[in-house]
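Student: Build the complex from these two chains, which are given one at a time in their own frames, with help from the hints.
In case you want the letters, here they are:
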Amino acid sequence: MERSEILDKVRELLVDALAVDDDEVTPEATLIGDLGAESIDILDISFKLEQDFGFKIAQGELFPEGVTKDPDFVQDGVVTEKGLELLKERVPHFNLDTLKADPSVENVAKIFTVDALVTFCEQKLQTA
Amino acid sequence: MRWMWIDRIVELVPGEKLVAVKHISMAEEHIHEHFPSTPNRKPMPIMPMSLVVEGMAQTAGVLVGHAEGFKEKVVLAKVSKAELTREPTPGCTLRYTAIIEQRTAVGASTKGIVELIDPQATANSAESAQVIGSIDLLFSHLDNNMTGVQYPKENFVFSESFKTLMETSGIEADF
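Taken in order, these protein sequences are the chains called Y and A.
Residues 1 to 128, numbered by my numbering, are exactly what the first sequence covers, in order.
Residues 1 to 175, numbered by my numbering, are exactly what the second sequence covers, in order.
Looking at chain A on its own, in the form it has when it is part of the complex (with noise of 0.2 Å):
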């Protein structure tokens, strides 16, 4: 399963909104060439800010391409907003929720929360996940591109991967 940044689908509700997880775990090759340091904290294993926007952009992209039957080549088009407070850590599971501002022919964008949930912290306290971001989208609909560049009739967006997340996940999708 490469390039796949969520583990399951927890939610959806068609056309509007999903809800996914991605556990992290230290057998991640990435973990391994991942170890930033801060002037107060010494260099950890932590899961790239780049790979959770592009966790969003897979629970999101998966919400549009739902809502469009998935005959859409819905690809990631421009990251409006994205703003993390907190680096998510091995051993911790990172909540993304999606929801579908507006859609159109065209395109879509989407607003979405990044959640944390702490194993360490969930013992201590009754909140179980922690905001720690929002991941604001904009997705294209590669087929109606303004440019009217042809591509493919393959829809290679959603690929085998994508069809296996979703069985997992015990949601029924026609690719």
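Bound-form chain Y, shown alone (with noise of 0.2 Å):
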């Protein structure tokens, strides 16, 4: 599947899920800063994508759980170097690059955005 063609059955599913504009759904969008995406919805959004694309989704493969509470990956809020890794290899479909110029830990929300979404998606097309 074209990645264009992935972006646009994320973005209809996103506006299902989030009740937002098709024209926000942009790739730069953050889906819990410019979505208005809470918790809840990123389970919604897990069933969804498992529905649509037809793949499975294990708990915390979509977003990390627990990293940003745990006093190991986060120290006086900044996200540690070990913390980096963790996100690296857990959640290898997020850019961390804007995380790794400022590692605040209110930044790591910003990196799942629609772009990461999709990739996300890309990834496991190509490894089901």
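Since the hints were made in silico from the structure, they are not lab data.
Since we're looking at a predicted model, the values are computed, not measured.
Ranges of calculated distance between the beta carbons of each label pair, as one might list FRET restraints:
| # | chain 1 | residue 1 | chain 2 | residue 2 | range |
| --- | --- | --- | --- | --- | --- |
| 1 | Y | D16 | A | P14 | 25 to 33 Å |
| 2 | Y | K88 | A | N144 | 20 to 28 Å |
| 3 | A | E167 | Y | E2 | 53 to 61 Å |
Under the rule of at most 25 Å between Cα atoms (straight-line distance), these lysine-lysine pairs were calculated in the BS3-like manner:
| # | chain 1 | residue 1 | chain 2 | residue 2 |
| --- | --- | --- | --- | --- |
| 4 | Y | K56 | A | K81 |
| 5 | Y | K124 | Y | K88 |
| 6 | Y | K9 | Y | K110 |
| 7 | Y | K48 | A | K81 |
| 8 | A | K17 | A | K81 |
| 9 | A | K153 | Y | K69 |
| 10 | A | K153 | A | K78 |
| 11 | A | K17 | Y | K48 |
| 12 | Y | K110 | A | K78 |
| 13 | Y | K110 | Y | K69 |
| 14 | A | K71 | A | K17 |
| 15 | A | K163 | A | K71 |
| 16 | Y | K56 | A | K78 |
| 17 | Y | K9 | A | K78 |
| 18 | A | K111 | Y | K56 |
| 19 | Y | K48 | A | K78 |
| 20 | A | K81 | Y | K9 |
| 21 | A | K71 | A | K111 |
Every residue gets a Cβ at the ideal spot worked out from N, C-alpha and C, and that includes glycine.
Tutor: Written out as structure tokens, the structure reads:
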């Protein structure tokens, strides 16, 4: 499946799950910041991705869980080197460049963009 | 029996489907305070749509809870869709059919159909139930929430009222 085709399907799915307009769903838009997703929406999106694309998503595979609450990975409000390494390993679909430039814990949510979601689907479809 | 919006479970296919009914009575207090009107109709007692959604939430919630052996604290997290085309009035029966669409350790999504059985309409036609809407829901298992918030150990979701509902419906359940 072409990346543009995946983006179209992801856009349609996010419009439905988050009640946003389709022109808001740009590749750069962040799910939690720009599109107003809450933690329960991640579960909803995960279910919808499984249905629409036909792959299975394990718990924590789409978006990391517990990383920001572990003192090994976050100290004084900053993601540690160990934390960044873990994110790179657990969620390879995320582009960590902006987080590496400013590893403040508030920036973790900003790496979850529409583009990252498309990359996630692309990677899942390739390994399916 | 406070806050129970289904009267009986009439069918259960564990992990798949649950059908429940709710008889709407003029004796219910909320009916006394809910008399909406429309441009074409005078005010009349109507069961609020929000309570119809709650009825479906209880139907689907019991289905999801039963599938987990009532060990999980199953809470309604999101109303994904709720469409209702007709107002339920006293004397009618609502029939809720909930089907589990997806279920994981974290939660479940359900699809639901709401039917209305109107005794007057039934007397005049062979059709016993009319589909009046669909309600799709998302449930979370509280102890597996993504935010890591801790809740009391006791399962406060499936209370004594739900236990009574299961018993009067002839369904064995270990709460």
